[in-house]
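**Student:** Sequence:
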Amino acid sequence: MNLRFSLATAASVIAVAVAGSFPAPVAAETLEETAARFGIRQTVQQISLSPSGQKIAFIEPGPQGSEILNVIDLAGDGTIEPILTNSEQRADLTRCDWATDQRLVCMIDSVSEGSGVLIGFSRVFAVGPDGSEPVLLTPPNNMRALGYRQDGGSVLALDVPGEDDTVLMTKEFVPERTIGTRLANEASGLGVEEVNVINGRRKKLENPDSDAVDYIADDTGALRMKVRHPKGVGANLGDKQFFYYRDPGESKWNLLSEVTLDAQSAAGFIPVAIDSRRNAAFGFDTVEGYTGVVEVPLDGVGEPSIVMTRDDVDVDRLIRIGRQRRVVGASYATEKRAVEYFDAELKTFAAQLQAALPGKPLINIVGANADESRLLIVASSDVDPGMVYLYDRASRELSEVMPVRQHLQDRTMGAMTPTSFPAADGTQIPGYLTLPPGSDGKNLPAIVLPHGGPSARDEWGFDWLVQFFVARGYAVLQPNYRGSSGYGSAWFGRNGFQAWETAIGDVNDAGRWLVAEGIADPDRLAVVGWSYGGYAALQSQVLDPSLYQAVVAIAPVTDLEQLRDDARPYTSSALVDAFIGRGPHVRAGSPAEHADRFAAPVMLFHGTLDQNVAVGQSRLMEKRLKSAGKPVQYVEFDGLDHSLSDSSARADMLEQIDIFLGSRLGD
Numbered sequence: 002m003n004l005r006f007s008l009a010t011a012a013s014v015i016a017v018a019v020a021g022s023f024p025a026p027v028a029a030e031t032l033e034e035t036a037a038r039f040g041i042r043q044t045v046q047q048i049s050l051s052p053s054g055q056k057i058a059f060i061e062p063g064p065q066g067s068e069i070l071n072v073i074d075l076a077g078d079g080t081i082e083p084i085l086t087n088s089e090q091r092a093d094l095t096r097c098d099w100a101t102d103q104r105l106v107c108m109i110d111s112v113s114e115g116s117g118v119l120i121g122f123s124r125v126f127a128v129g130p131d132g133s134e135p136v137l138l139t140p141p142n143n144m145r146a147l148g149y150r151q152d153g154g155s156v157l158a159l160d161v162p163g164e165d166d167t168v169l170m171t172k173e174f175v176p177e178r179t180i181g182t183r184l185a186n187e188a189s190g191l192g193v194e195e196v197n198v199i200n201g202r203r204k205k206l207e208n209p210d211s212d213a214v215d216y217i218a219d220d221t222g223a224l225r226m227k228v229r230h231p232k233g234v235g236a237n238l239g240d241k242q243f244f245y246y247r248d249p250g251e252s253k254w255n256l257l258s259e260v261t262l263d264a265q266s267a268a269g270f271i272p273v274a275i276d277s278r279r280n281a282a283f284g285f286d287t288v289e290g291y292t293g294v295v296e297v298p299l300d301g302v303g304e305p306s307i308v309m310t311r312d313d314v315d316v317d318r319l320i321r322i323g324r325q326r327r328v329v330g331a332s333y334a335t336e337k338r339a340v341e342y343f344d345a346e347l348k349t350f351a352a353q354l355q356a357a358l359p360g361k362p363l364i365n366i367v368g369a370n371a372d373e374s375r376l377l378i379v380a381s382s383d384v385d386p387g388m389v390y391l392y393d394r395a396s397r398e399l400s401e402v403m404p405v406r407q408h409l410q411d412r413t414m415g416a417m418t419p420t421s422f423p424a425a426d427g428t429q430i431p432g433y434l435t436l437p438p439g440s441d442g443k444n445l446p447a448i449v450l451p452h453g454g455p456s457a458r459d460e461w462g463f464d465w466l467v468q469f470f471v472a473r474g475y476a477v478l479q480p481n482y483r484g485s486s487g488y489g490s491a492w493f494g495r496n497g498f499q500a501w502e503t504a505i506g507d508v509n510d511a512g513r514w515l516v517a518e519g520i521a522d523p524d525r526l527a528v529v530g531w532s533y534g535g536y537a538a539l540q541s542q543v544l545d546p547s548l549y550q551a552v553v554a555i556a557p558v559t560d561l562e563q564l565r566d567d568a569r570p571y572t573s574s575a576l577v578d579a580f581i582g583r584g585p586h587v588r589a590g591s592p593a594e595h596a597d598r599f600a601a602p603v604m605l606f607h608g609t610l611d612q613n614v615a616v617g618q619s620r621l622m623e624k625r626l627k628s629a630g631k632p633v634q635y636v637e638f639d640g641l642d643h644s645l646s647d648s649s650a651r652a653d654m655l656e657q658i659d660i661f662l663g664s665r666l667g668d
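Numbering (the numbering used here), first residue to last: 2 to 668.
The set of hints was computed from the structure by calculation and includes no laboratory data.
The calculated label-pair distances, taken between Cβ atoms and stated as ranges, are:
no., residue 1, residue 2, range
1, Asp212, Ser113, 18 to 28 Å
2, Pro298, Asp212, 22 to 32 Å
3, Ser53, Ser113, 36 to 46 Å
4, Gly250, Glu637, 49 to 59 Å
5, Asp276, Asp372, 17 to 27 Å
6, Arg397, Ile81, 18 to 28 Å
With a straight-line Cα cutoff of 30 Å, these simulated DSS-like cross-link-like pairs (lysine-lysine) come out:
no., residue 1, residue 2
7, Lys205, Lys232
8, Lys204, Lys232
9, Lys253, Lys241
10, Lys253, Lys232
11, Lys253, Lys205
12, Lys205, Lys241
13, Lys348, Lys337
14, Lys361, Lys443
15, Lys337, Lys361
16, Lys253, Lys204
17, Lys361, Lys348
18, Lys337, Lys443
Where is the CB? At the ideal position from N, CA and C, for every residue including glycine.
Input sequences plus hints: build the corresponding full structure.
**Tutor:** Structure representation (structure tokens):
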């Protein structure tokens, strides 16, 4: 049933509407049932509101790693109509947005394998609201092409000034030839075109630039910025990015900023959005060691101004709404993520929403119709995966649309509590502790769960992996170890690979703290991680083999030199090389080089189509552990990516992890 209420009387209505609806403890269920529920990918992968505000499109997961595109006609009976299914496991339907009420523009990301190298590519197409009349918006590969078009284009604007049924897209130009060596079309690089979403016809707007890597349109749909990243060694990207702007209606590009990239940071102003009314770019720059939001006028004479900064955490997100993603605020994460709106009306509206939905403090505006009279909103919390709402400004009504995770509705979850613990050198390490519902938090089986990245951080909010472990009776601690992003440049330091001893030391100190506080039974302590978190789980054994009784690593880095080698075929290899660095830390920081030190049994998981961390990393770790006579189990998922984007595979993984931990830690 849809819940409707007016924000004017929200507090009283909500009190009645949700009375008696608090989640109750789940009746006894089997491990298989619990793993299946938490393994299912979230129901709403991505969602979009049509220009009229009368239609909603959303992507949900299908079987065997597929995706389904659904449409809801709000002017009708509100039935969810599946209009399109992507059945190819190696291709993901990642986004669909309304160009008009009669045409959706969608993107597919895929991967192919050639000569042992995984090659990612994307394609963009348009389709009707009933799934009819599909049109490819990415130009097909020409038989005369001298190369392969990997980049299918990105949509810069859903509305183009003066053009109906048209979107603004980037295009990767590939040179062509006829007989012999004479080039038929020498154009090469990234350009911009206006593309008709009904028939696919194209009109060139910006000639290709071989050093261009992106373009930015303003909030009217006008092309205003070009991003150039000149090549470094060979075909590899170098350590400089240049941002150019131009005035509306002009063709001349003017240099706005130069950004220097290194293993630790990006120094310089990075514009990400353009406000046409202010004729200014909004973006990020470092202000006294922390990322802040900066505004730079696009008149060639105005000085940059700091819009928002803090002295404890990075201000790392712009809040944008509408079809052209206009800037309305910024956000940052301390213990919990907070939003500060620049738009006074939205600030008042957000406060009303907070009052109306007191149990869902994480509120995001994820969609809007053309005049922003209707808004799509997702509200969630640490114990609530979230609900999608539709807000009508005229009637001031807020209506439930659908839960973000249908299979986890009305289920008791463990509360995520911000905490901190001392590292060996006395530094307080922030993190999040989640306990099983109803637990006294004493003498529990426990898991330290370091996040991936390492250029990332954990935040307060719903986490399906954490909640699975909590449902199985484990306490979970997520440390934001030194090397995490979000806490300023000093905290990030030399990154979690080059300064691995500090990062992994913090991870191990998280486990010691759980034991010292009496939360964890010292004989039932495990470490589990994904990506860099998997690396941290494995490398924790190198520093202290006796601390954890079990290690689980999902898609982990295991050998830093091999990670460098894995990147060589790609344009990012120079940046990967700089991130890893050179010196004795490379071998010392590679768990595969120290398999003989392992004392705890290890379980590994990896997908064969992982483009982030090559599957060979886990294969090498398994080989080294077996050669050293150490207990190891390895599960490989054929055809899956870094995120294991398949519900049945995730459920299988969760079940196997639980059995593995249970056998090592006991009940």
